[in-house]
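From first to last, the protein sequence lines stand for chains A and B.
Those letters in the first sequence? Residues 1 to 113, per this note's numbering, in order.
Those letters in the second sequence? Residues 1001 to 1110, per this note's numbering, in order.
Hints are all accurate, no fakes.
In silico EDC-like links for lysine to aspartate or glutamate, alpha-carbon gap of 20 Å or less:
| # | chain 1 | residue 1 | chain 2 | residue 2 |
| --- | --- | --- | --- | --- |
| 1 | A | Lys42 | B | Glu1022 |
| 2 | A | Lys59 | A | Glu45 |
| 3 | B | Lys1057 | A | Glu1 |
| 4 | A | Lys42 | A | Asp82 |
| 5 | A | Lys59 | B | Asp1001 |
| 6 | A | Lys105 | A | Glu9 |
These are calculated hints, taken from the structure and not from any lab test.
These numbers were taken from a predicted model, which means no experiment stands behind them.
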Amino acid sequence: EDQVTQSPEALRLQEGESSSLNCSYTVSGLRGLFWYRQDPGKGPEFLFTLYSAGEEKEKERLKATLTKKESFLHITAPKPEDSATYLCAVQAPSGGSNYKLTFGKGTLLTVNP
Amino acid sequence: DVKVTQSSRYLVKRTGEKVFLECVQDMDHENMFWYRQDPGLGLRLIYFSYDVKMKEKGDIPEGYSVSREKKERFSLILESASTNQTSMYLCASRDPGGYTFGSGTRLTVV
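All chains, please: the whole structure from these sequences, using the hints.
Below is the structure:
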């Protein structure tokens, strides 16, 4: 059974204080690892897809990295508008589809001004 | 941009009612998904479909069914709503770049 564990469950930072979120996974036949941002009452918003160990992607203050067992989302000099829940998900084959996503429970990030 | 539209943002239904949640995508995608999201439990897959009339159970299919008669539309059906099905329901569509989610339907069963 595919498993995704995110840590910490919640993280409170001061504006400008850099940190990292962790996503560890156990999956058979990883097809991709996804990071999403979710604001309260809204659907998840796509951030990054990583496909192989060693891959890195960046977008503004966010950088995602991938190893064979985990992924990190690094947040550099965060701002209050970065406050959200960050979700990690892995894609693996299941039944008739190669596209089943299994999610972690998320990290609630709060950035104080 | 891909658009995934869920027909209702908020719904209130009575116990025992049959409930239909509708999801439409505008890009001819084959793969569509229904999740529910609950505090402390995260997003859990209910059902997914990889083509018209093709469906597979996810991790928590009990109490739900689905319908995919046309490629663009994927419906989630609660045969007899119960209070433990009060949740946020999210539909997603798979495109080459990743997965696009709808805005969600917050369902309350009273």
